[in-house]
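Using the sequences and the accompanying hints, generate a full structural model.
4 protein chains.
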Amino acid sequence: MVAGHEESMTSALRVAIIGASGYTSLELLRWLLRHPQAQIAMLVSRKPEQPISEIFPELLGRIELPITPFEPAAIAGQADLVFLCVPHATAMSYVPPLLAAGVRVIDLSADYRLKDAGVYESWYRHAHSDRENLIHAVYGLPDLCAAEIAAAKLVANPGCYPTSAILPLAPLIKAGLIGPQDIIVNSGSGISGAGRNPSAQHHFPERNEAFEAYSIGAHRHAPEMAQALAAFGGRAVDIVFVPHLVPMDRGILSTIYVKPTVAGPVDRALQAWRAAYGQSPFVRIRSSPLPSTKYVLNTNYIDMAICSYGRRWVITSALDNMVKGAAGQAIENMNLMAGYPQGMGLDAKGQK
Amino acid sequence: MVAGHEESMTSALRVAIIGASGYTSLELLRWLLRHPQAQIAMLVSRKPEQPISEIFPELLGRIELPITPFEPAAIAGQADLVFLCVPHATAMSYVPPLLAAGVRVIDLSADYRLKDAGVYESWYRHAHSDRENLIHAVYGLPDLCAAEIAAAKLVANPGCYPTSAILPLAPLIKAGLIGPQDIIVNSGSGISGAGRNPSAQHHFPERNEAFEAYSIGAHRHAPEMAQALAAFGGRAVDIVFVPHLVPMDRGILSTIYVKPTVAGPVDRALQAWRAAYGQSPFVRIRSSPLPSTKYVLNTNYIDMAICSYGRRWVITSALDNMVKGAAGQAIENMNLMAGYPQGMGLDAKGQK
Amino acid sequence: MVAGHEESMTSALRVAIIGASGYTSLELLRWLLRHPQAQIAMLVSRKPEQPISEIFPELLGRIELPITPFEPAAIAGQADLVFLCVPHATAMSYVPPLLAAGVRVIDLSADYRLKDAGVYESWYRHAHSDRENLIHAVYGLPDLCAAEIAAAKLVANPGCYPTSAILPLAPLIKAGLIGPQDIIVNSGSGISGAGRNPSAQHHFPERNEAFEAYSIGAHRHAPEMAQALAAFGGRAVDIVFVPHLVPMDRGILSTIYVKPTVAGPVDRALQAWRAAYGQSPFVRIRSSPLPSTKYVLNTNYIDMAICSYGRRWVITSALDNMVKGAAGQAIENMNLMAGYPQGMGLDAKGQK
Amino acid sequence: MVAGHEESMTSALRVAIIGASGYTSLELLRWLLRHPQAQIAMLVSRKPEQPISEIFPELLGRIELPITPFEPAAIAGQADLVFLCVPHATAMSYVPPLLAAGVRVIDLSADYRLKDAGVYESWYRHAHSDRENLIHAVYGLPDLCAAEIAAAKLVANPGCYPTSAILPLAPLIKAGLIGPQDIIVNSGSGISGAGRNPSAQHHFPERNEAFEAYSIGAHRHAPEMAQALAAFGGRAVDIVFVPHLVPMDRGILSTIYVKPTVAGPVDRALQAWRAAYGQSPFVRIRSSPLPSTKYVLNTNYIDMAICSYGRRWVITSALDNMVKGAAGQAIENMNLMAGYPQGMGLDAKGQK
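Chains as they are written, first to last, in this note's numbering: chain V, 1 to 352; chain Y, 1 to 352; chain G, 1 to 352; chain A, 1 to 352.
Honestly, the hints are just simulated from the structure, not real lab data. Among these hints, one or two may not hold up.
Each computed BS3-like pair below joins lysine-lysine, with the alpha-carbon atoms no more than 25 angstroms apart [what the hints assert, rightly or not]:
| hint | chain 1 | residue 1 | chain 2 | residue 2 |
| --- | --- | --- | --- | --- |
| 1 | A | K115 | A | K47 |
| 2 | A | K349 | G | K259 |
| 3 | V | K174 | V | K47 |
| 4 | G | K115 | G | K153 |
| 5 | A | K352 | V | K47 |
| 6 | A | K153 | A | K115 |
| 7 | A | K174 | A | K259 |
| 8 | Y | K153 | Y | K115 |
| 9 | V | K259 | Y | K259 |
The following block contains the structure:
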């Protein structure tokens, strides 16, 4: 027994968070503090003077680790795996030294999501400085490519909106049940998705009691959805994606309008979902009640439903943008990379 | 002077509200108390014991009228025009005696919106008992049919979601700029749209921090949109309408996906809108920022914008479901019926 | 008739707003656009390039006035009265040239509220540069000192929290019904009270679903309450004031714990209130239901109630911080200064 | 190892929830599903037809236990400990048969909180039918009386407001640092505290954007506070308690005004708190920033701070009413009764 206990201690996974002062970091910490194997070894930020509990008063008494500056060698000495929570463009300058130092990286920015650097550059408006690692980065959707993730040195953690669209759509496209053209993804998100930096747009009295669309035709998650659906579904797709701001903290609901290629009810779609996600620890298929952000709040679940409506099928999917849409999915990726069960420490299905 | 004063008193429009204890009544009262010509003559409800300021504590000291029971002759003796705020099915039993007694009626229920009684019966699941008046009822969209409204004895005040979809779509369909097929109307509404009766679904802790679709393929505003667009646009249309609940009090934002029949940018759509609504006191066309429920909150305005996105045009429209979506539009109808300017008492454009 | 009409046209009051880009200005504009006599003659801000409807998209189509820079002579040429909505410290540099140019001023900042410049300087941490006008400034609580306001050249518009505390307390102190010691004012405010500048503290995801006290013992409205209660109540008072942030847009509720000097129920307190405010167009005394910010939302009313509890009396008062707590009360002051009825254009009691 | 694993299985604590369809039950389930030792053995409700995931769609796929009717013998056969989540008055009829059957009970209703049946009867307006067990019931504040709880057969889980007031006040009263007279407890709560039954008062559009006091002088948590402070502090106290409704889901902030008996700053109060709670797994003492419901949201922590203000000390305390104010504290009690560490499964301080 004693030996077994020591063994589990030595096999613990030492992780670092770089860019520790943002909302994604806070959410990672909440879950990692509860994870049976992960050990939070290091917190890195440009504000190294403060303890993490001054940055996040929520954490007072829960974690006392000091903030340290970004030094790849020091990080590699203390951590086996890094969660990179810095903004895009910064991430691609941090990844090469980290990989070179031998640390595995889960990048929560957008820098390694788009495999085509040209597409990246046209949407993000700056050059991609790390095309070499871009080639080997694995898009981290654990429900669709667990094996690649397990073997990866660098995982690009998916965007929140793309996760909500790709998971329901990929199996249907792959099975040829829906056409790849004229897919409409209408999404709404809680405001935490905009990050922690204050702005006029996200000032409380501007956002409260307000519902509106934004970035129509210009949101960077659109090419990410298109790329992933082409990859996982096997066909080029044509997507119209319109995001909305919803006056709440967390949650994404996507309402997706597709054209079935088969007649009759949605049974075959449900079969395709069950075949794809029957073993998935966090995908839940619903009929009634329909998915709601409330049912997945503070969890790593994604709920999905599908109905027939005239010549369309209408899919709704719900997830918590900070968990399945960011930190939770990153921990799923960590679990796979470390050889743990995918759902470890994340309140997976049938845990009891 | 004295004579003039008396004259303006006698020319005042005496109005009654039947079904005075719901949210629509409260909103009517807020605006009518401020209207320069309307005189609130009578409040009718099944709860005649209470003063209105006990039903609506907001109104303490502002209006002291007692609640009275429903008696058509008494109403006709004291009011020139009635706002009917009772539930559907009840409304159609109240309208015949009111019209027979010589009062003009603006019905805020759904009973006289669908011209085809068979369509009504299949969506509302009960027989239509007043087909005679149904034939003569005018659908009360003042921006599209002011003359018919002015002459009407019975106006069917439009639904909140339909107003948000019909106003932007009708001119585009009529001008042939968009196809009538595969129109997708994705809407979100504040919770006041569900009315004042408490329910498990609209209990605060269920609705707060929740965003979700409901009644997919089953919402009664879908046939209302289809009928009005066929009438005002001149062609049968095929609409997929999905409403959502947004955690806020008021406001509807509709995001509408249409297929242009013309190439190029959205200029011709904007021209069609300007031609249709240039003189409209409450229609505003926006480009940047996009429409938001916040910009129309507590006003009678409807804001609309249109963008090109791939092979689609994307329209967003915003209104306050209690004002332009209900009470405010009803007062526009009242103004037209009484021969007043359409925007009187409603903070119309260019008022100062 | 014609003469009378012309007279009322010529007698219209021309007003300017200086500091036109903040929330108080927006609220002033909403009410002034509807006011039967006020004419919005000029909008002044440091951002003179933009039209006001770009600063406030709510106002599109409603007012087209250009923004102009601050030039006292030009303002005096076009306006009879100015609403000064600039921050404290700035206000005291604008007032002297405006008064010198012959314009009357309603200052919505704190610069002329505290009659003792030393008290001002210790709380606001900078020197008072206009002690001369400070002497003559009138504290603008129209329900307590209408005559002084009517004659004033410079009115200091009260703070939002002080209005909620002074109005219920002053008559009770003056009548000797409560002791001046150990008065506890526990207030909560919607976030619009924090102004329009974005900050980390008022970022939506920080403020939503959060309730907390702030500035305990350090809020600048505490000395304002103490001064006004001493002035209107006739005795020095000892107040503990603790404000809280409530996750909503608008509204202040103050819960005030006082010590009665008389035995028995609260009847004598109610009598004192009725004697003080029987003719007041916006003060409402309630018993059940208790005051709620919801009942005064978007109105100029202040609701108040009083209960006995052990050895204490507990008062609750509610107002909308943007209306009775700022712009609405400023318009009451304007009305008095111009010789109009105090409640003109503000949906006063018994208007119909 | 295998033997060890089996041993830990047999030593698991089997628990039942009676009254499984309310918010407290949902919160218990969320935490118990994650608890390393508790095994959810039985769910009891008057609605035995439905699976729990139909009552709480959040739980789909997470727990499949059927709902069963209330049968004491069956419960005793399957569970070692019961969480009783039924309304007051019902609870006192369930407790005797459960204790007789040999199950230990944590009652989350108010039935066993007030030790004096007469006080109970005057506040709850019905007779107490189980005075025998009332004598032996232990008030379950684990931070103040862990040993009694560990040995108890029946624990009365404290109310949410009382927890927020008793924990900061008890050590100060006991140490004689504050006077027992004229203690003012001003609290605000999220709406989940009102339970899951819909009502007009808690209908979303009534509660959203509303802040108000309620039940002044009439809230049943006032005698509970007084009793516990007399018991833990050793002196009769005189409390004025005013609760408020805050438009958010969860959280209580109490702002407490006390009179120090000692001069000078609050150091001695802080010392008393540290002495009382230094080993407490969930009590956190803060200075800046002040406690906020946001910092304890979805956690079992209670945060407290104290400031000096004139002749008063002002305490603020924050907790999540569903966790430290209900289900979380109940699980602390369960842990103590089962001999586990007090903070097991609750994300206690210094867990990693």
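Here's how the hints hold up against the structure:
no., hint, in the structure
1, K115/A to K47/A, "violated (32 angstroms)"
2, K349/A to K259/G, "violated (42 angstroms)"
3, K174/V to K47/V, "violated (46 angstroms)"
4, K115/G to K153/G, "holds (16 angstroms)"
5, K352/A to K47/V, "holds (23 angstroms)"
6, K153/A to K115/A, "holds (16 angstroms)"
7, K174/A to K259/A, "holds (14 angstroms)"
8, K153/Y to K115/Y, "holds (16 angstroms)"
9, K259/V to K259/Y, "holds (15 angstroms)"
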